[in-house]
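Trainee: I would like the entire structure built from these sequences, with the hints used as guidance.
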Amino acid sequence: MTPDTKNIFSDAGNITKFALRFFIELFKPPYEIKEFIRQCFRTGYKSLPLVAITGFIMGLVLTLQSRPTLAGFGAESWLPGMVALSLIREIAPVITALICAGNIASGIAAELGSMKVTEQIDAMEVSAINPYKYLAVTRILATTLMIPILVFFADLVGVFGGYVGMNIHSDISFMRYVDKVFESLDFVDILPATIKTFFFGFVIGLIGCYKGFTAANGTESVGKAANSAVVSASLTIFIIDMLAVQITDLFF
Amino acid sequence: MKPDPSTQDNPVIEIKGLYKSFGENNDVLKGIDLTVKKTENLVLLGKSGSGKSVIIKCIAGLIEADKGEIKVFDTSIFDITNAKLNEIRLRIGFLFQSSALYDSMSVRENLAFPLARHSKELTEEEINLTIEKELENVGLAEAIDKMPSELSGGMRKRIGLARTLILKPEIILYDEPTTGLDSITSREISELILSIQKKNKTSSIIITHDMACAKLTGDRLLILKDGVICAEGSYDALEKGEDKWVRSFFV
Ligand SMILES: Nc1ncnc2c1ncn2[C@@H]1O[C@H](COP(=O)(O)OP(=O)(O)OP(=O)(O)O)[C@@H](O)[C@H]1O
Ligand SMILES: [Mg+2]
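Protein chains in written order, with the working numbering: chain A, 1 to 252; chain B, 1 to 251.
A portion of the hints provided could be inaccurate.
[Claimed, not checked] The list that follows gives simulated cross-link-like pairs (lysine-lysine, DSBU-like), each with its CA atoms no further than 30 Å apart:
hint, chain 1, residue 1, chain 2, residue 2
1, B, LYS84, A, LYS28
2, B, LYS146, A, LYS46
3, A, LYS133, B, LYS71
4, B, LYS215, A, LYS34
5, B, LYS120, A, LYS133
6, B, LYS146, A, LYS17
7, B, LYS67, A, LYS6
8, B, LYS168, A, LYS28
9, A, LYS28, B, LYS146
10, A, LYS133, B, LYS84
11, B, LYS215, A, LYS28
The hints are simulated quantities; they were obtained by calculation from the structure and are not laboratory data.
Mentor: The structure is reproduced here in structure tokens:
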């Protein structure tokens with residue numbers, strides 16, 4: 001085996017261990033409620049504008065791009081439904097997760113990495129405070145809960161972006177547009193898409209924390225930790241997405 | 001004169017045959033034997049990179065040693081549960097060489113963080129009072145609402161010291177408490193270390209390159225060289241000793 005593939009396997013093993021530790025520590029008191037709420041706020045706040053802008057653009061662009069094809073079949077009236085479906089099932093979750101991988105996972109890795117390098121994590125440990133619980137559990141839990149909320153928000157903004165896109169070429173009232181969107185949406189479209197966003201949030205927090213906690217000594221390793229957090233988290237998001245689609249296919 | 005420490009009972013820290021290497025060709029500790037008696041200030045000298053910080057990190061359970069034994073309060077710290085280790089850690093204060101202040105917290109929060117978690121019976125008012133008193137102790141009462149990034153290196157060191165002392169530890173491990181301080185503040189800190197020893201009956205390991213601090217605070221001095229303790233004795237004995245290399249520390 002080359003050193004590189006060996007690295008991937010040992011990394012995967014270590015991340016799994018790190019994740020198991022999350023579930024063990026999650027249920028053990030004391031609970032760091034205050035820090036958890038602070039992290040939720042930071043996570044949401046940090047990404048909201050970015051998610052809103054990309055969500056809007058996705059809805060708009062998707063509408064403009066799909067219109068000619070559908071118009072070719074004389075099926076323009078399907079446009080709102082089609083855009084909403086692809087947004088909610090696939091595009092909003094994945095794009096939001098990728099943005100958060102770039103924004104939140106790297107931020108967590110850099111923050112915890114620099115705490116590791118400057119011995120702040122050691123300082124917590126010697127004052128008998130569990131750094132995994134205080135730093136990692138709160139952040140992983142926060143991303144797991146906040147990413148789905150951000151995705152939901154991206155869904156809304158994206159659908160609105162679709163409405164704006166529709167109105168560039170035709171005239172449709174907002175109420176009628178919303179009607180058409182809901183007509184085409186099913187419970188089956190929303191549930192699996194929502195479930196997978198929790199997994200996206202979990203890996204974003206998990207990989208960010210793991211890369212931060214395992215940063216080597218020296219300041220340049222902080223940058224490396226942030227960078228490899230983005231790469232690993234993005235890749236894992238695609239893999240989870242692929243699995244989620246396959247599983248959804250089996251059941252629904 | 002200082003009281004003769006040999007009349008005290010069991011040592012509070014006892015290290016036997018401690019080995020630690022980082023990778024193949026980097027044997028840092030090669031069989032350290034060391035004891036700290038009750039209420040004793042032990043000064044640890046040695047060249048930069050000789051492994052002084054590694055020794056006290058092993059004592060606090062931050063670095064896992066390869067071989068050997070470390071007993072703190074008569075408990076071997078290698079084969080105990082995390083909960084037990086944390087109980088011991090609460091009785092140990094650790095001043096980091098880099099100060100290791102929490103960057104995202106103000107000075108007040110830095111000190112409140114360990115205090116609020118471990119002294120649950122304290123009210124907010126009492127916590128604030130303790131923090132102010134501890135900061136006054138290190139002469140930095142005015143920095144209470146600053147962020148660590150607004151402090152100089154020497155100020156950070158003193159805040160780190162205040163944070164170390166706030167839980168009233170019985171053992172204190174000082175990693176270069178006076179490095180980066182002017183000679184007046186250095187002296188004040190050395191005197192503070194001495195007065196803590198007298199008042200709280202603490203036992204300490206003091207790592208330092210500052211010979212004035214070593215002279216003032218140390219009951220006993222150890223010199224680390226090539227991974228082993230190569231000389232031991234009082235300041236005066238070592239200063240006038242045979243070994244030329246040892247004497248060179250004192251000029
Ligand atoms: N976490 C670590 N990983 C790898 N090597 C380490 C680690 N910590 C210390 N070392 C190595 O151990 C040796 C001793 O380091 P240590 O920090 O104990 O020196 P020191 O005696 O405290 O020096 P100084 O007076 O400069 O602080 C160094 O060669 C260092 O490279
Ligand atoms: Mg050192």
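Trainee: Any of the earlier hints contradicted here, and which numbers?
Mentor: 4, 6, 9, 11
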